[in-house]
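J.: Here the protein sequences come in this chain order: U, B, A, P, L and Y.
All letters in the first sequence, in the order written, are residues 1 to 114 by our numbering.
All letters in the second sequence, in the order written, are residues 1 to 114 by our numbering.
All letters in the third sequence, in the order written, are residues 1 to 99 by our numbering.
All letters in the fourth sequence, in the order written, are residues 1 to 99 by our numbering.
All letters in the fifth sequence, in the order written, are residues 1 to 126 by our numbering.
All letters in the sixth sequence, in the order written, are residues 1 to 126 by our numbering.
There may be inaccurate statements among the hints.
[Unchecked claim] With a straight-line Cα cutoff of 30 Å, these simulated DSSO-like cross-link-like pairs (lysine-lysine) come out:
1. L:K68 <-> L:K31
2. L:K33 <-> A:K61
3. A:K32 <-> L:K68
[As the list claims (entries may be wrong)] If you want the footprint, here are the derived chain P segments under chain U, 3+ residues with CB under 8 Å:
4. 25-35
5. 48-59
6. 85-99
[To be verified] If we take Cβ atoms under 7 Å as the criterion, some of the chain B residues that face chain Y in the derived model are:
7. E16
8. G83
9. G86
10. T88
11. A104
No wet-lab data here; the hints were simulated from the structure.
For glycine and all other residues, C-beta sits at the position ideal for the given N, C-alpha and C.
What follows is the residue order along each chain.
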Amino acid sequence: MKSVFYLLDTAPYGSENAFGALNAAAVSLNEMDVTLGLYGDGVYLTIVGQDSRKLGLPNLEDILYAYGELRVLVHEPSLVERGLFGQTLIETIELADEEDFFEAMESSTYVIEF
Amino acid sequence: MKSVFYLLDTAPYGSENAFGALNAAAVSLNEMDVTLGLYGDGVYLTIVGQDSRKLGLPNLEDILYAYGELRVLVHEPSLVERGLFGQTLIETIELADEEDFFEAMESSTYVIEF
Amino acid sequence: MKQEQLDVFLLTKPPFSPRSELCLKLAARSGKARIYLAGDGVYNLLTGIEKVPECDVYACKEDLEARAIMAGEKVTVPDDFYSDFIEDIMEHCRHEYTF
Amino acid sequence: MKQEQLDVFLLTKPPFSPRSELCLKLAARSGKARIYLAGDGVYNLLTGIEKVPECDVYACKEDLEARAIMAGEKVTVPDDFYSDFIEDIMEHCRHEYTF
Amino acid sequence: MKTLTIVLTDGPYISEYAEIAYKLTEAALKKYKVNIFLYLDAVHIPKKDQNPAFFINAGQLFSELAEKGAAVRACARCAGARGYLPEEEIIQGSNCKDYFPGIRITSLYELSEMLSMSDRVISLSR
Amino acid sequence: MKTLTIVLTDGPYISEYAEIAYKLTEAALKKYKVNIFLYLDAVHIPKKDQNPAFFINAGQLFSELAEKGAAVRACARCAGARGYLPEEEIIQGSNCKDYFPGIRITSLYELSEMLSMSDRVISLSR
Chain U
1 MKSVFYLLDT APYGSENAFG ALNAAAVSLN EMDVTLGLYG DGVYLTIVGQ
51 DSRKLGLPNL EDILYAYGEL RVLVHEPSLV ERGLFGQTLI ETIELADEED
101 FFEAMESSTY VIEF
Chain B
1 MKSVFYLLDT APYGSENAFG ALNAAAVSLN EMDVTLGLYG DGVYLTIVGQ
51 DSRKLGLPNL EDILYAYGEL RVLVHEPSLV ERGLFGQTLI ETIELADEED
101 FFEAMESSTY VIEF
Chain A
1 MKQEQLDVFL LTKPPFSPRS ELCLKLAARS GKARIYLAGD GVYNLLTGIE
51 KVPECDVYAC KEDLEARAIM AGEKVTVPDD FYSDFIEDIM EHCRHEYTF
Chain P
1 MKQEQLDVFL LTKPPFSPRS ELCLKLAARS GKARIYLAGD GVYNLLTGIE
51 KVPECDVYAC KEDLEARAIM AGEKVTVPDD FYSDFIEDIM EHCRHEYTF
Chain L
1 MKTLTIVLTD GPYISEYAEI AYKLTEAALK KYKVNIFLYL DAVHIPKKDQ
51 NPAFFINAGQ LFSELAEKGA AVRACARCAG ARGYLPEEEI IQGSNCKDYF
101 PGIRITSLYE LSEMLSMSDR VISLSR
Chain Y
1 MKTLTIVLTD GPYISEYAEI AYKLTEAALK KYKVNIFLYL DAVHIPKKDQ
51 NPAFFINAGQ LFSELAEKGA AVRACARCAG ARGYLPEEEI IQGSNCKDYF
101 PGIRITSLYE LSEMLSMSDR VISLSR
């Protein structure tokens, strides 16, 4: 089976990229091995308790839960650098050190960036 | 007289920002004191010998020459960091250390970013 | 009179972006800065922006909620973030910057 | 057979952008990388990208000319940059990345 | 009355700036005159027919601001490049048939004009 | 025949990616099948009436690619939000009256389809 690695390195809500990456990842779940790789500012997506109703934007945390079968791989150094280690993070994510994160990219058929 | 400081921190040609900043700066030359501040990736605009004909894009170096009365202030640390110190730079630019660059921003009525 | 010396910053970029770093440098130089965090700017609370000396930090409630970011004690979360910001830049400040 | 082990990178971002840094890290891990520089990617020649070990660097002529960047001796400037790149990614590489 | 000018360079949805500009303008209009200059990709904001299933219609928001008194203008060079062409006739406050009411395409010199008449300027760009 | 898919997320002019994608596709079409998926702001690329005074008409370039055999598709969600609405009728290869010929609005599932039929994928985004 082909595998696709969506690399998201922009913060959620400030741009449409995170929503776009989630939707793109979701439509391939039945046909391919899909990984959403959170890198750089993309790691902000992992914080628990997002409530975007007052912004009139879709709740990206809810979307993550809705696609429970989506593998979400988080680049741990990005997370640490951004001060997220003390935060409660979404449980279904998978933390990866740089080596493992890069290996997941290298072993995917395609890497697509947002 | 009011003064406006256009801060350009993106590289020329890869995005429309540099062209946009130059045009915006140009139209105010008669009414205000205008400074184009090149910071970060914006400093690439200063390299001599640009020839964008084959890309089908306007030559930004020519536009800089055409608006000779535009003050172009270049953040020297950005330039050094990007390896531009050995390059031949456009003569009409003004190099500024960080202190002078920030002072120029602080003494302007408006700062507009591209 | 002292009020007039205020510098106001609207920061909408996350930490480490070149614009955020520039904002922090200018705020540190100001002597009396007020930083308004909106959009992705609220992520700067995770990296301690409220500890910049001589600098008051305000954060937008809706943006905090969307991003699940807590504002610490030193951070003001106004009822009407945008009205307060507008009032500050139109009436009470020496210089205004947006990053 | 060895040909098949090639990793090909298309880099269109200037130095220090998070994407460029990621590209360089992956290229350094590759063991046999070919980096194609297009658009603002050619600015990486100013910061010595051609010195990455076990890595061949190609640059797009039109993009070099527009930006007034010289390609050093170690850099290949193909007559038909995009055809060469396409041939490489479609026929000769293990993995392809775009940054 | 003091005047605030907002300069935008991003299109709708891709970034949050159209919405932030809306909130800033709404707050400012209570006491001040507001100009909005749509530059580069921001000329997409007033496009008609937007039908976002998950976001708030940005064109409608800006049309509402124009109705409340904000002067919303789009750069002619940027608009023309992107397929928004000005016409001679002004219908419902707009000179572009692809735009929401109240929003006009003007020369870039209008930006300079706005700046020289302003007390404060805010620019929002990625 | 091998297949290349290109995913774009930026609109025309603001970035160079539409033009780079054009050059990649032109080169690839000589030997391969090419799919282009227009996502997020890239759905602005095929808009009719573009009249750039200083750049090359991006809509025309992509229409040309479609004519040469590339499958150029725009995401329905992104297009709808931005005011490009699909119609039932397909005229000159397009189901959107605001789009250049040969370019169609489709569901995002088409991206997944393209990926599963491809040998290589290139994504260009800011």
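J.: So which hints don't hold here, by number, going up?
T.: 3, 5, 8, 9, 10, 11
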